[in-house]
Structure formats: structure tokens, C-alpha cells
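Asks: Top line first, the protein sequences correspond to chains A and B.
Each residue of the first sequence is one higher than the last, beginning at 1 in the working numbering.
Each residue of the second sequence is one higher than the last, beginning at 165 in the working numbering.
Hints are computed from structural coordinates only; laboratory data are not their basis.
Fair warning: this is a prediction, and the values are worked out from it, not measured in the lab.
Ideal Cβ positions, reconstructed from N, Cα and C, are used throughout, including at glycine.
A portion of the hints provided could be inaccurate.
What the hints assert, rightly or not - Covered, in the sense of this in silico footprint (three residues per stretch, anywhere, with C-beta under 8 Å from a C-beta of chain A), are these stretches of chain B:
hint, segment
1, 172 to 184
2, 204 to 217
3, 220 to 228
4, 234 to 244
To be verified - For the chain A half of the interface with chain B, some residues (derived, Cβ under 10 Å), not all of them:
hint, residue
5, T22
6, L69
7, R78
8, A113
9, P123
The chain contents come next:
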Amino acid sequence: MVAQNIAFAFIASIVALSAVRTVTTRNIVHAALYLVAVLAGLGALYVMLTAEFVATTQFLVYIGAVMVLFLFGIMLTRAPLGHLDDLTGKQWPVALGVATALAAVLVYALVDAFHAAELPRNPVIYRTADVGDSVFSTYLIPFEAVSVLLLAALIGAVVLARKD
Amino acid sequence: MLVNQFLILGAVLFCTGVYGVLARRNAVMVLMSIELMLNAVNINLLTFGLMVGSISGQVFALFIIAIAAAEVGVGLALVLLIYRNRSNIDVEELDLMHG
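For reference, chain A alone in the conformation it holds in the complex (with noise of 0.2 Å):
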């Protein structure tokens, strides 16, 4: 308990730094690479939390695929690269108060409804082969909905983007 404990708090505080860094960071690049830090720790923190599958899926399509599209999108747009002063508009100290309080929201409700509970010690274990039973029986209609809803972004990628 006490090495999953210090494991926990060793990716939260990676995570919670480079999140931070992605929305402040005056370089596109450096904000692309710092949400590399911040899925790769959540991947982590997914098999932590017994998901082995959603973390391979995250590695593979977060890191690998939404990243290369991310990359693409700032060099198609000849974002200037280096330091930029104007990444950030005038009106952050708005955004700031937003999501402070927000947060104190948010954690003033977790810890009013959660404060001690703890995670089962022995959890079910669900397994790649069972989350793949879950979505071809149970899950199977959304996950034809998904099926259709990721042609349709397809579809629609190519229209918006074609040069006609």
C-alpha cells in the first residue's frame, strides 16, 4: 500500500506539473510535448487503477495518434515556433478565477462525499478479454454508434479540409 501510495503521488505531481506547463507554456512544441508527459502518467495511473487495456489504448491512440495529429495541426498552420509572447490573451486572470474556483468547487465536493473512502484492497479484476466480451455484448449498439460516429468525423475531416 505504502509503494503504490508513493508511486501514486510521484506520476500525480508529473502529471499535475506538465498539465500545468501545457496551459502556460510560451512554445507550441514545448505544450505538445508536456500533454506527452501528461497521457503518458495518466497511462500509468490507468494500470494502477487495474485498466490494463484503456492504458495500452491510451498509449496507442493518445500518444501515438491524437499527438502525430496535434504535430501536424501546428506545423499545417506555420505556427511560429520558439517563445511566443502572445500565446495567452489578455483575459487569463478571468480564466484563472474560472478555474479556481471551479477547483475549490470540485474538491470541496469530493472531499464532502468521498473523504476517506478507500479503493477495495482485492478488486475484481477485469481483464482485456473481458472488456472485449463487455463491448461485443453488453456495449455492443454504442459501440456500433462509435463505429459510425468515427466514420462521419472521417468523412467530415476530408470535406472540411479538401482544397476545392
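Fit chain B to the known structure of chain A by using the hints.
Replies: Same frame as chain A, but now just chain B:
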């Protein structure tokens, strides 16, 4: 491990994403902040799934990952379209519908 340590990390990530969406001017950075918010939701789903011993948390997390991928695809296509029409992607200049 406490339930709350994961939930509070999720809340902090979500609020970081909210700050990024509100404060950033570059449209690609806004999309990155939205990814932070979607991941915060995922960690909540997995924590609750483990807490009640249900597999639904993991399945819904997978659905959210799929939807996030679709969102990034369409979002970046929109950003490219905006860049092609206006030669920059500063969200503060997108005030066409401003009254």
C-alpha cells in the same frame, strides 16, 4: 489507496483544461486543453469502475478515447480551414458572430 486521490487529480486536470480553453489564443492550444479535460473524465470513470467493481467504467473510458480521437480529427480540420481563410488561428479574431 483512497478514492479521493484519483478524483481530486481528475478535478485538478479538468480545471487546468478549463483555464487553457479560456486563456489560450491559439486554436490548436485550445484543442490540447480540451484533451486535458477529456482525460480528467476518463480517470474519474476508471476510479468509479474500480470502486464499485464494474467493467462499465473501462468500456466508457474506451468510448471517450474514441470520441476524443474523432473530436481532434474534426477540430484540426476546422482549424486548418480557418487558417486557410484568415491566415491565422487566433481565436480572439474569430468574432464574426459577435453582435
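Asks: Next, verify each hint and record whether it holds.
Replies: Here is what the structure says about each hint:
1. 172 to 184: With 12 residues in contact (Cβ-Cβ under 8 Å with chain A), the coverage given for the segment 172 to 184 of chain B holds.
2. 204 to 217: holds (count 8)
3. 220 to 228: Per the Cβ count (7), the hint holds.
4. 234 to 244: Holds: 10 residues of the segment 234 to 244 of chain B have a Cβ under 8 Å from chain A.
5. T22: holds (6 Å)
6. L69: The hint holds - L69 of chain A has a Cβ within 10 Å of chain B, the shortest such distance being about 5 Å.
7. R78: Check passed: Cβ of R78 of chain A comes within 8 Å of chain B, closer than 10 Å.
8. A113: At about 9 Å, which falls below the 10 Å cut-off, the nearest Cβ of chain B leaves the hint on A113 of chain A intact, so it holds.
9. P123: Holds, because the Cβ-Cβ distance from P123 of chain A to chain B comes to roughly 5 Å (cut-off 10 Å).
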